[in-house]
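Engineer: Okay, here's what each chain looks like letter by letter:
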Amino acid sequence: MTNETTKDLVDVSSHEGPVETPSAQPPALPDDKTAVATEPAVERDGVIQTQNMDIYYGSFKAVHDVNLNFQFNEISALIGPSGCGKSTVLRSLNRMNDLIPTARTEGVVTYHGENIYAPGVDPVAVRRRIGMVFQKPNPFPKSIYQNIIWGAKINGFKGSKAEADDLVENALQQAAIWDEVKDKLQESGLSLSGGQQQRLCIARAIATQPDVVLMDEPCSALDPIATLRIEELMLELKQNYSIIIVTHNMQQAARVSDKTAFFNIELSNEGQRTGELVEFTPTDQLFTAPKEKATEDYITGRFG
Amino acid sequence: MTDQALHDPGMGQKLRSSRNVTERIILVTLLVCGAISIATTLGILWTLGTESLLFFRDPEVTITDFFLTTAWSPQAGSFGIWPLILGTLLITVIALLVAIPIGLCAAIYLSEYASPRVRGFFKPVLEILVGIPTVVFGFFAITFMTPILRGIFGNDVVGFFNVLSAGIVVGILIIPLVSSLSEDALSAVPDSLRQAAYAMGASKLETSLRVVVPAALSGIAAGVVIAMSRAVGETMVVTLAAGASPRNFMFGQESLWDIVNPFVGAQTMTGYIVITASGDLSYNTIDYNSIFAIGLTLFFMTLGLNSLSRRIVKRYRQEYE
Amino acid sequence: MSVEAPERLEIQEHFPTDAEYDKLLGKKNRKGLIAKMFFMAALATAVLALAALLYTIVNESFGLVAQVNQNEPEDIVASFGYDPSTTALADLSYDELVESLGGGISTNVGRRLEREQRFYADKLVFESDELWAEICSSDEPPAGCDSSPRDHAGVLQLVNERIVQPDIIAAANLVPSLLDPQAFEEDVEVTFANTPERFPDYTFDQVQFQWRAWLNPTFLVTPQSTAPETTGIRTAILGTLWLVIITITFAVPVGVGAAIYLEEFARPSRFNDFVQTNINNLAGVPSIIYGMLGLAIFVRALEALTSGAIFGIEQANGRTVLSAGLTMGLLTLPVVIISSQEALRAVPNSLRQAGLGVGATKWQTVRSQVLPVAIPGILTGVILALARAIGETAPLILVGAASFITADPTGPFSKFTALPIQIFQWTALPQFEWQHLAAAASLTLLILLLILNAGAVILRNRYSRRPQ
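Residue numbers (the numbering used here), protein chains in the order written: chain A, 53 to 356; chain B, 572 to 892; chain C, 73 to 540.
Worth double-checking, as some hints may not be accurate.
Claimed, not checked - Which chain B residues stay away from chain C? Per the calculated CB distances, all over 10 angstroms, these:
1. 629
2. 724
3. 759
4. 792
5. 823
6. 835
What the hints assert, rightly or not - Straight-line alpha carbon distances no greater than 20 angstroms define the calculated SDA-like cross-link-like pairs of lysine to any residue that follow:
7. 108/C / 593/B
8. 108/C / 686/B
9. 434/C / 593/B
10. 487/C / 377/C
11. 775/B / 689/B
12. 210/A / 120/C
13. 108/C / 90/C
14. 205/A / 94/C
15. 775/B / 177/A
16. 775/B / 105/C
17. 885/B / 243/A
18. 694/B / 120/C
19. 694/B / 117/C
20. 194/A / 239/A
FYI, nobody ran anything at the bench for these hints, they're computed from the structure.
Ideal placement from N, C-alpha and C gives every residue a C-beta, glycine not left out.
If we strip away everything but chain A, and leave its shape as in the complex, we get:
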């Protein structure tokens, strides 16, 4: 535990990055990015796309007409005030909403061009390719080794013990936690600190060989030092995975994401609060020259 903190302290002091600013001002950008508003003329199809997606809980419309195009090997952030449906949207991308009996998704969500909500598509098959990390770290009460290999095994991994060991080591390496746990793989996953547990969960998600990782407020239960580690990790991982994160921390979105989607709550005529996508733009542009007034109001702290 002490190792981690001193290491992070050292890192923080030499870190060239944004400084926490009071919320009245829009978050400062990293030095090496310029606020140029450029948009590609034609956007190619991303790894996950949604078209006219509506999500209902029973008769309550939680989210209305979402159109998104998540690119390969990018980090996309979903931000917005509480209750705007950003977590609901995230969970619809790997059909986790199916677990809620009253939830219903309409519209098209494509993964590599295939509609995952088409009749006949098994959600179990969808989820093995799209990993998920949750807000509160939730490692299984098994050993660290077991945590990693379990997902692979149930998805049909058929390697020898040595190959399994390789898989575990590789996943833990990618999650930047291998050095810390390599001598205690048989210990319970719960014996780690909060930040370590979350990195374990990231490793666990990666071990099933997904190419997309969804993260639902992955750092909100962690302290700032652990948060920083995870953010660094995200930037490393984006080289091999496409990452979509939900965060209520605008500064975090500004730090790590390439594109940011801003959701807002619309009050319908009947008084229903439905979430809507306001805009989905490259991050630097969204935070310096947002297209919509609502976005600007949110990021400057006028509401939310």
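Place chains B and C on chain A using the hints.
Structural biologist: Okay, now just chains B and C, sitting in the frame of chain A:
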């Protein structure tokens, strides 16, 4: 303004009111109520202990005989307890073989698969089994279970008194213990673990069996041990259905089948106590004292099982945090 | 931030191909479905077992019987001038019943009956007044001298037993009786034809086939008798009632008091922890051990007290309903304590603090603020504990419940029997009639428990909806 006007010399008296005396009396009364529970335990130990002592002091009986010989025939002067323990164990094992699969699987269904409405209906229905007096279960064993078993296996194979009938019915009667405690344990597993498993592409069965049940194992085990304790202490079903013949045996002389044959009767510890006590029982006979010796053994067995169950829960409670 | 990400391991070859995964998924889904069916089947089995038990009890409590009466009840009714098709034997008045009894039994038998229990408080039926006074002032007067006179149900039973003398020679269960009543009659006829020695005293013509509800209102109010056709469970019900009263009187004050002590007054200490653990342990002790405790302490050691000898009752031993009630009290005590503790714990702390804040003492706060709020919960717990106690048999056997008594319990020092004891006795008897009676008694007990539990549930629901 002088100091005298500020201080009330009677304040000390006022703060110490006479109500304290009543308080004290009440407190002592309540304390006595609590102490009665301790008196009960002491009473049990004292009673069982002293009468057992009388039993062991009788020249016909020795402690080594009691714990080391394997024939229980009071008329013949043999007082080895093992046949009675054997009877109790046979019935307990059969009961657990019935109650654990049914109870655990029903609990898994209610906790992981059933909608809240279904669960809200069936959980109380299972609780009904708990409320039915065991003597009625005994009636059920004789009137329903034994005839069915004799019909299936034949009247010559299955005796009128048989361990299987009693064991199955005791198993039925402890199902709610297993199912209720298991279901509580399964429901207590945080949903985040299930979500993590589903998010990796696990099916419901894989999640339930390979994540939730292992996580709830300590609670399930505790429930099983409690159910076992209940089966050991069960009296009426075994008295009515398993009969009054202790299964005496001698190592080397009987086959394994003779020892574990479930199709004939075998008296249990509790059965012996009831039969002996309901006959003509005069105090200070060896028969009278013998039931206390058996009772003492029974008491420690159930006490040990109950303590084990509590220890399991305490030890493994920090499962998820 | 500029560290190279480690190579993503290309071990796709150990993961299934898409085609292989489809097969794997298919297998998973099939296994999942089978498992779900299996789990549901487990639940269904448990419910079926319960249903089988209830079915067995109801099935044996009603049905057709083949009965032969020495004297027909209709004849007796007609002899008083009533129309037998509208009037039953039970509708006759007390005097008429006594009269018909007297007409059918010898004077000696009548005297014996009167000495057991009189028929009228003010006059004698079989005995002469002088002889009666002589007997009653002798050294060992018979029971009838002191006891209250018989009642309608008791004399009706006598008339049935001694005059009508019904003999049930065969009985069928409810479902066969409903589905195929002919088969039963034919069976009996065939038995008479092939093996007449089974019923040596009768011919088939004498047999009447009628519907019998082994559980019927008369059954509930009639005392015990040796003949299964005329027996009732009144003695047992009254015994159970007495037990309940004594158990409550002992267990509720002591149990609630102990709970109040543990929850409101006791500071965490090794002693109090020990008391709590002890109570939890006691709740798990088998009931038969409590029976043994009761036997040694209440029946034997405290015989002077529990037999009533202290109060001058003679020829007494400790096997009284008082001993049994105290034993059951000890049995229910831990459960009452634990459930009362839970009820007290559920009372919000703000109430206690409000009470103490206005200067009330601990006890005053408890008595006027906490207790009233906790009472419904405590009451529910008591009712449920009582429901469990009512069904207990083993402790009662140990403490000396009588297997056969006809006299109703009159006080705490009476001999007694109880519902579960009757069920136990009758189940163990070989004759088929007793099996039906055991079923009827079981049904009675279950209905009683149903009422109690329903009461507890209603109580709990009503008071948990109250705004706090």
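Engineer: For this structure, which hints from the list above don't hold up?
Structural biologist: Numbers 7, 12, 13, in rising order.
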